[in-house]
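Asks: Residues per chain are reported as follows:
2 protein chains.
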Amino acid sequence: MTADTIIAVDTRINARWLIPIEPSGVVLDHQAVLIQGDRIAAVVTQAQADQDYRARETLDLNRHVVMPGLINMHGHAAMSLFRGLADDLPLMTWLHEHIWPAEGRFVSAEFIADGTRLAMAEMLRTGTTTFSDMYFFPEVVASVAHDVGMRAQVCFPLMDMPTMWGSGPEEYLAKGRQLIEQWQGDPRIMPAIGPHAPYTVSDDPLKKAIKLAGDTGARIQLHLHETAFEVEDAFGKTGQRPLSRMAELGLLGPGTQCVHMTQIDDSDLEHLKATGAHVIHCPESNLKLASGLCPVERLQREGINVAIGTDGAASNNDLDLFGEIGTAALIAKVVASDAAALSAHSALEMATLRGARALGRDHELGSLVEGKLADIIAIDLSDPFIQPIYDPASQLVYSNQGRQVSHSWIGGVPQVQDGNLTRIDVPDLMLKVQLWADRIRASDPDQS
Amino acid sequence: MTADTIIAVDTRINARWLIPIEPSGVVLDHQAVLIQGDRIAAVVTQAQADQDYRARETLDLNRHVVMPGLINMHGHAAMSLFRGLADDLPLMTWLHEHIWPAEGRFVSAEFIADGTRLAMAEMLRTGTTTFSDMYFFPEVVASVAHDVGMRAQVCFPLMDMPTMWGSGPEEYLAKGRQLIEQWQGDPRIMPAIGPHAPYTVSDDPLKKAIKLAGDTGARIQLHLHETAFEVEDAFGKTGQRPLSRMAELGLLGPGTQCVHMTQIDDSDLEHLKATGAHVIHCPESNLKLASGLCPVERLQREGINVAIGTDGAASNNDLDLFGEIGTAALIAKVVASDAAALSAHSALEMATLRGARALGRDHELGSLVEGKLADIIAIDLSDPFIQPIYDPASQLVYSNQGRQVSHSWIGGVPQVQDGNLTRIDVPDLMLKVQLWADRIRASDPDQS
Numbered sequence: 001m002t003a004d005t006i007i008a009v010d011t012r013i014n015a016r017w018l019i020p021i022e023p024s025g026v027v028l029d030h031q032a033v034l035i036q037g038d039r040i041a042a043v044v045t046q047a048q049a050d051q052d053y054r055a056r057e058t059l060d061l062n063r064h065v066v067m068p069g070l071i072n073m074h075g076h077a078a079m080s081l082f083r084g085l086a087d088d089l090p091l092m093t094w095l096h097e098h099i100w101p102a103e104g105r106f107v108s109a110e111f112i113a114d115g116t117r118l119a120m121a122e123m124l125r126t127g128t129t130t131f132s133d134m135y136f137f138p139e140v141v142a143s144v145a146h147d148v149g150m151r152a153q154v155c156f157p158l159m160d161m162p163t164m165w166g167s168g169p170e171e172y173l174a175k176g177r178q179l180i181e182q183w184q185g186d187p188r189i190m191p192a193i194g195p196h197a198p199y200t201v202s203d204d205p206l207k208k209a210i211k212l213a214g215d216t217g218a219r220i221q222l223h224l225h226e227t228a229f230e231v232e233d234a235f236g237k238t239g240q241r242p243l244s245r246m247a248e249l250g251l252l253g254p255g256t257q258c259v260h261m262t263q264i265d266d267s268d269l270e271h272l273k274a275t276g277a278h279v280i281h282c283p284e285s286n287l288k289l290a291s292g293l294c295p296v297e298r299l300q301r302e303g304i305n306v307a308i309g310t311d312g313a314a315s316n317n318d319l320d321l322f323g324e325i326g327t328a329a330l331i332a333k334v335v336a337s338d339a340a341a342l343s344a345h346s347a348l349e350m351a352t353l354r355g356a357r358a359l360g361r362d363h364e365l366g367s368l369v370e371g372k373l374a375d376i377i378a379i380d381l382s383d384p385f386i387q388p389i390y391d392p393a394s395q396l397v398y399s400n401q402g403r404q405v406s407h408s409w410i411g412g413v414p415q416v417q418d419g420n421l422t423r424i425d426v427p428d429l430m431l432k433v434q435l436w437a438d439r440i441r442a443s444d445p446d447q448s
Numbered sequence: 001m002t003a004d005t006i007i008a009v010d011t012r013i014n015a016r017w018l019i020p021i022e023p024s025g026v027v028l029d030h031q032a033v034l035i036q037g038d039r040i041a042a043v044v045t046q047a048q049a050d051q052d053y054r055a056r057e058t059l060d061l062n063r064h065v066v067m068p069g070l071i072n073m074h075g076h077a078a079m080s081l082f083r084g085l086a087d088d089l090p091l092m093t094w095l096h097e098h099i100w101p102a103e104g105r106f107v108s109a110e111f112i113a114d115g116t117r118l119a120m121a122e123m124l125r126t127g128t129t130t131f132s133d134m135y136f137f138p139e140v141v142a143s144v145a146h147d148v149g150m151r152a153q154v155c156f157p158l159m160d161m162p163t164m165w166g167s168g169p170e171e172y173l174a175k176g177r178q179l180i181e182q183w184q185g186d187p188r189i190m191p192a193i194g195p196h197a198p199y200t201v202s203d204d205p206l207k208k209a210i211k212l213a214g215d216t217g218a219r220i221q222l223h224l225h226e227t228a229f230e231v232e233d234a235f236g237k238t239g240q241r242p243l244s245r246m247a248e249l250g251l252l253g254p255g256t257q258c259v260h261m262t263q264i265d266d267s268d269l270e271h272l273k274a275t276g277a278h279v280i281h282c283p284e285s286n287l288k289l290a291s292g293l294c295p296v297e298r299l300q301r302e303g304i305n306v307a308i309g310t311d312g313a314a315s316n317n318d319l320d321l322f323g324e325i326g327t328a329a330l331i332a333k334v335v336a337s338d339a340a341a342l343s344a345h346s347a348l349e350m351a352t353l354r355g356a357r358a359l360g361r362d363h364e365l366g367s368l369v370e371g372k373l374a375d376i377i378a379i380d381l382s383d384p385f386i387q388p389i390y391d392p393a394s395q396l397v398y399s400n401q402g403r404q405v406s407h408s409w410i411g412g413v414p415q416v417q418d419g420n421l422t423r424i425d426v427p428d429l430m431l432k433v434q435l436w437a438d439r440i441r442a443s444d445p446d447q448s
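From first to last, the protein sequence lines are chains A and B. Sequence positions in the first sequence follow this note's numbering and run 1 to 448. Sequence positions in the second sequence follow this note's numbering and run 1 to 448.
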C-alpha cells in the first residue's frame, strides 16, 4: 500500500476492548474505530488502522470498553426536577397528592427546558446518546435536545383531558402535527405521537393518531398494560383487554412502541407477534411502583423486540441506563426461573440495537458498523474496586455504574470527554435546578 | 457554662444531614457527631456542640449525609477474585464447571488473604464497616480483617465432605473451636460457626455445632431455603422441610442467622417467630442465580429481624451494599404488591441496626447514639447528576451509589478519607489481583 491510498479521517479511537453489538455476543481486543464526519468510517484492528488510516485526532482508551451509545427508550425527562419528591407511596397517593399538584403548579415551558437539560446531563454522563421523551411542551424538549446535540424521539402527549399544554385532543393533535412537520427529516430529533394510555385516550383521538402516523410515518409510543389493575379494570368494563382494543383500532404495528407490558397472556403475545409492535421494558419503575414484571425472556424467545427505558426520574429515581440493564438482567432470570436468561450481551443489545430497531433506525444506529452514525461511548474499567476483569460484557452489566462512562460522541461530536460534559454548562444548570427545588419543596405538603 | 465544663473530644464531624437510625425514620439537619476514643461521645446540634465541646479535629461535611457504617451480613469475601469469571449460567454448570474447579485449584491461605483484602477494599470504599464472612481458611480472614481494622463476623465452614481446609467435620470443628478461642472477646473480630447448608451437613456435626455455640456463645450462620429445589428435594426424601429439621435439632435461636430464605410457608414463619432466628436477605444473588424472592415485607410485619448481605462477588457481582439496599427496596415492593413496602428508611435500617441485631451487638453498633462504637460513614450528595434532593434517605436508597461514600470510621479510626482508603495499599493490592487473575484466566475452560 502506497502513501496515497492512506485514508484520512477525523478521529481514531483505540479501544482496549470493543463490543460492537454487531456481530452479536463478541468482545474484541485492541480495535480502532475511525470516525469521518458524523459516521463510522471503519472498525478495524489497531494494526490495520496503522497501515490504512491517518486521523486528525487519536484517542488511546487503553483501559476502556468502546461500544455504541445507549438508547433510553422511555422517559419523562423534565420530571427529574421531581426526583425523590415523594417515594414509597401507593401509586394513587403519589399521583394525586404529590406529582399532579406539583405538575399543575410548576410545569411550564421554562420548567421543561431546565428539567430536560438536567435529565440530558445525567443521561449523557451515564452513557445514553439517544432518548425517548413523552411529556408536556414537546416543542421545548425538541429544541433543547437539538441545542445540546442529543438524539431524541420526542413524543407529543395525547389524552382526553385538558392539561397545561392544551385544551384537549384536538389541540394536542394540531400542535403535534406542527411538531412533526417542523422536525421530520432532522437527523437527531424524531418527532412522534404519545397517546398517554388506553384508559386516558378514547377511540376517536386514537384513530386520529393512527391517521397522523400513517400520513407522516411518525412512531407511536404509549403506556400499555402497566399494571394488573389497568387490564382487569378495562376487561371488567368492556370485556376486552387494552392491547386487544389497540389491535382492533389498528394502532399496533412495526411503528408502535408499547411501554411496560407487565401483563401478557397468550392473546397479547399473538397480537405483538402478528403486528411487529415493540415492547419497552422499564424494570426499575415497574418494581418501585409495584406494577409487575415484564416477561422479557419469553417475549424475546417469541421474536418480539424488547428495548429498555428508565421511565422518569420521579419513579426510578435515576436515569442511569447501565443500572437499568443490570436490574433487567437480574430480574429476567428470576422471572424466567433460569440463571441463563437475558445474558449480559443480550442486555447490552437491548439498550442499543433493539432500541434502534424500535425507533426504526437500526440501519444507522445501535451498533459499531461501518457507515452507521458515530454514536459511541467509552467506559473506563480501571476502577480498582471492580477488578479483576474476566469478561468486560459481564462487568458492564453486573458490576458497572454509569459514572464509569468516560467519553461519548453523538454523530461524531464529542459530548463527554474524560467524564466532563462538553455541551451543557453544569454549574449554571445547578443554579437553576436549586431554584426550582426550593420552590417545589416549599409547595409540597410533606416537605414544607 | 464556664470554660472548665467544656468537654474535650478527639473528633467532631459536622453533618449537613444526619440519619441516626435511632430514633427511626428521621433526617436531622446540621448536627455534630463527637467521637472520643472508639466511641460516640455525643450527637448534638452544631450550635450545642459549639457551646459544650472542643475537638482536636473537626471535619465539615456540608454536602454529606452522616450515618452508621453499613453491615454486610453475608458473603464469601475472597470469591472477589472470581468476580465475573462465569456468568449467565445455570447454577450447577456454574458450580461444577467453573467455581468448584477454580476453588480446588487456587484456594489457599495466600489466595484467601489477597481475595479478602480485595473484598474489604471494595466494601470500605462503598460504606461497609462490618461484614460477615463464610469461607475457607477463616483464620486468615480473621487475621487480615484485624490488620486492616474492619469489624468482621468470621464463620468457619462446616460440612460433611473434605475440602482444601480440612478432612471433614471433626477437623473443621476442632479448627473452628481454636478460631473461637483465639478471637472471642475481640472488639472487632467475631468468630462464628458456619454450617454450609442442611443438604451438606448431617445431623451429627450440626449437633456438635449447636453444642459449640452453647459452650462459647458463638453465632451460627447457614445457607437455608436458598432455592425451591432445596426444599422440595429435602421434603421428597425425608418428608420434612429443612427449616423444620433445623428447628427439631435445636439449631434455631436468637443466635442463628438464616441466609437466603426465599422459600417460606406458614410453618417456616412460625419456627422463625418462635425461635427469634434472624433472616439474611441477599437479593442480587437470589436474582442472578434465579433462586427466588424472599418475602421481606411479610417477615418484617411478623416481627422477624431481616438483615441484608451481598453474598460473594462471584454471584452478585459487586459488594456495594448501597446498590444492594436499592435492589432490596425495589424488589420488596413488587413481591408485596405494595409501593409502600420496605421504605427507604426501613432499607437503611436493614443495612445497619438490623444487621447489628443479627450479630447480637445492637447495644453498641448500628445507630449513631451516645456510647455506641464510632462506626460511621459519610456520603457526599453533591453529585450534580442526582440533584435535586428532597429527601436524603430516599436519595441514598434510590439514586445513590456506594462510590459517593467519602469518609468512614471504624471504632473511631479513619478508614476512608475523601474517598481514599487509609489502611489498604490499593496499588500493591492491584498487582496481586492481576497475578491471580492471569492464573485463573489461564485455567478456566471458557477463558483460556
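Just so you know, not all the hints are guaranteed correct.
If several chains are the same, the list does not tell them apart, and a pair holds so long as it fits within one copy or across any two.
[Unchecked claim] With a Cα cut of at most 20 angstroms, we get these calculated SDA-like pairs of lysine to any residue:
#1 Lys432 with Ile389
#2 Lys432 with Tyr390
#3 Lys208 with Leu59
If you are wondering where the hints come from, they were derived from the structure by calculation, not from laboratory data. Since the structure is predicted, the reported quantities are computational estimates derived from the model, not experimental observations.
Asks: Decide, hint by hint, whether the structure agrees.
Replies: Results of checking the hints against the structure:
1. Lys432 with Ile389: Between copies, since 14 angstroms is at most 20 angstroms while 40 angstroms is not.
2. Lys432 with Tyr390: between (43 angstroms within a copy, 15 angstroms between copies)
3. Lys208 with Leu59: Neither: 50 angstroms inside a chain and 62 angstroms across chains, both beyond 20 angstroms.
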